[in-house]
Amino acid sequence: MRHAPIASSDVLKKIPTGIAGLDEITGGGLPAGRPTLVCGSAGCGKSLLGVEFLIRGALEFSEPGVLMTFEESADDIKKNVASLGFNVTELVAKKKLIIDQVRVERNEIEENGEYDLEGLFIRLGHAIDSLKARRVVLDTIETLFSGLSNQAILRSELRRLFGWLKERGMTTIITGERGDGTLTRQGLEEYVSDCVILLDHRVNGQISTRRLRVVKYRGSTHGTNEYPFLIDEKGFSVLPITVTSMDYKVSSERVPSGIPALDEMLGGKGFYRGSAILLSGTAGTGKTSMAAHLAEATCRRGERCMFFSFEESPAQIMRNMREIGLDLQKHVRKGFLQFQSARPTVHGLEMHLVRMHKMIAQFNPSTVLVDPVSNLQKAGSLDDSTNMLIRLVDFLRQKNITAFLISLSSGGKFLEATDEGLSSMVDTWLLLRDIEAGGERNRLLYVLKARGMAHSNQVREFLITAKGIQLVGAYLGSAGVLTGSARLSQEARELAERQAATDELKRKQLALNHRQKSIEAQIAALRAGWQLEQEEFARILAGTKQREHQTELERAAMAKSRRVGNLIQK
Amino acid sequence: MKTQTRPPAKKSGGKKMSVAGNGKPGAKITAADSWNLRLYVAGQTPKSLAAFSNLKRLCEEHLAGRYQIEIIDLVKQPHLAQGDQIVALPTLVRKLPEPIKRIIGDLSNLERVKIGLDLQLFIQK
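Heads up: the protein sequence lines correspond to chains A and B, in order. Take 1 as the starting number for the first sequence in the numbering used here and just add one per residue. Take 1 as the starting number for the second sequence in the numbering used here and just add one per residue.
If you're looking for bench data, these hints aren't it; they were derived computationally from the structure. Quantities reported herein were computed from a predicted structural model and do not represent experimental measurements. Treat each hint with caution, since some may be false.
What the hints assert, rightly or not - Now the in silico label distances, taken between C-beta atoms and shown as ranges:
| id | chain 1 | residue 1 | chain 2 | residue 2 | range |
| --- | --- | --- | --- | --- | --- |
| 1 | B | E98 | A | A152 | 12 to 22 Å |
| 2 | A | E108 | B | G65 | 23 to 33 Å |
| 3 | A | E60 | B | R57 | 54 to 64 Å |
Even glycine gets a Cβ: it sits at the ideal position worked out from N, Cα and C.
Start from the sequences and build out the full structure, keeping to the hints where you can.
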C-alpha cells in the first residue's frame, strides 16, 4: 500500500516567536493559529514572554497583536518593557499593537442571573479586526475567576473563547498562574491542549535560576528538557543549551599555546583549534599564567580571546601577567581581549552559562578561557556544575572556539581525576603539579592526554620567569625525578663526576705514556749493551783471526825452514 | 457572533425614556435624582431581552418618570466595550446617580437588583 505524501497544509504550521532560543526548542515557534498556555508562578516572566511575543511579532514578522491584560495597566506594561528597549507607545501609534486592560473587580460588580462573556469576545474581536491582528495574548485570564463567581459560566465561556480564537486563526498565548499540584490554578490546561510552556523560578542555595520547559506540544517534537532563560536588558532569551548535538565539525588546524616548549610537547604544533583543553593543578602552580600565555598568543595572531575569571579581577590579572612579561593590557585596549570577571556566587550556574553564551555570541572570540571552572561548584552542586561545563564545552566546540579550562585541584586528592568529571570530555589535558623536595617546591608539567596528536611523555619542569613561562626538561635519572635546586645540584654533581672521570683518563694516559717511555728507555739501554757485546765479540773475532793468520805465517815460515814444504797445503 | 438585531423595545440604543432632576456627584441619593442607566447587550439574545424587561419593570415600578435607559448593542458598537470595562453581558451600568454601579446578568433576581441599585431606599419611603 502506498502512502500519499503528506500535504503541506496537513503539517502543523508554526509561528516564530522571535524570542531568542524559544523557537529552537519548539522547532520553529508556537503552533500557528492555536492557543498556547504559558504558566508559572508569580514573577517568573510569563507576562514578559507574552508581551515580547507580540512586540517581536509586530517588529520582526509584521504580525500585529492584541494584548489583553487582566492585571497590569497599559501604562505599567509600557514602562516595564521600555526598560528592555521596546517602544510600545510607538507600536500602538502605528497600529501594530493594542493593549486593552480588562478590569474585573468583584466588589464593583454585582452578579444577577445568567450572563456570558460575550463582552470580552466583542472587545477582543474589535481589537483584532481593527489591526488585522495575527497574535493575541491574554494575560492572565484566570483573574476573571476572582472577579466573577459563577465558575460554571466562566469555564464554559473560556472554552468557547479558546475555540473562537482558534477559529479566527489567532496564535494566542494565554498565561496562567501556577496552581497547587496543577499547571494553572483554574486548570486552564484542560482547555488549551496544543502547547503548554512552563516557566519556573527556582532558588537553590540563595541563587535563583529561571527555567523554561515545554510540557506539551501537540503534533510536534520539541526539546523536553528544562532550559534556563534570562531576562535582561535585551528581553527574554532562552538558551537551548542542551539541544546541542554532537555533529559539530572539527578542525585540524593547530593553534600555538604561546609557550614554544609546550607546543613542542604537543606534537610540535600546539592545540587543535576548537578543542577543549583542561589544565588542572594545585594552588599556585601557574595555571593562570599559562592561560595568559594562550590569551596573549591568540591576540597576537589578531584573534579574539575572552577570559572568564571567577577569582581575580581583570586589573589584578593584567598586573600579575605584566610581572612575567605579558602585556595583556595592550590587547584589551585594541579590543582583542575581553575579561569577564564575576564571583561564582553572584548567579546560579545556569545564569552563568547563559551569560557566557550571550557574551561569547556578542564578542565572537576564537579562544575562551575559564579560570577556574572548579569555582563554579560554589554556585551549585557538583553535578550541576559538571553538567553546565559539559554544555559550555559542547557549545564552544560547536562554534569551533578553543576552550581552555582551568581546574584547581584540591590538595591531597588524586590529581589525575578532576572534581568536575571533565577529564573525559576534554581533548587535551595538561597537568601541573608541584613536588616538594629538598626544602623547596617546584612545578612540573606534563601532558596527561592529547587526543589526536603525538605528544611528549616527558615531565617538564616549569619555570615562571620575568620573561614568561619556560619549560625545562626535568632531571630524570637514577636518582629519580629531580627539580629545582636538587636538579641543579644533581646536574653539578654529574658534571663533577664527569670531570673526575676525564681527569682519571688523562692521568692513565699520562702514566701509560710514561711507561712507554720507560720501556723505550730500557729497550735503548739493552740495545746499547747488546751493541757493546757485539762490538766486543767482533773485536775478539778480529783478534782471533789475526792470531790465526799470525800462526799460519809462523807455521809456513817454520815449514820453510824445516823443508816440509809440500806437506803443508796452501 | 450573535445575530444583529435591534435591542428589545427600543428603536435604537441610547434613546431617553424620561428625565427628571439633576445628579449631584457625591451627594446622597434623593428622590429628586435622575437615573441614568445603561444596559450593554450583544444583539437580541434571550438573556438581553430578559435583562431589559426585568430592568424596565423595576424602573417603572419605582422610578417612573425619573429614569432613562440607554441600550448599547456592542455588536453594532464594539468600540464602546472597552470604555466601560465590559466583559460579561448583559451588563447594567448605573451612570447616575453616582457612584457608578454595575450589575451583570439577566437581572432575574429582582430583589437583588433593587439592593444592587440602592433602589430599596425609595421603596421603604
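Check: Do the Cβ positions of E108/A and G65/B conform to the proposed distance bound of 23 to 33 Å?
Finding: holds (29 Å)
Check: Measuring from beta carbon to beta carbon, are E98/B and A152/A in 12 to 22 Å?
Finding: violated (33 Å)
Next item on the list: Starting from the hint 54 to 64 Å, judge whether the C-beta atoms of E60/A and R57/B obey it.
Entry: holds (56 Å)
In terms of the numbered hints stated before, the structure departs from hint 1 and from no other.
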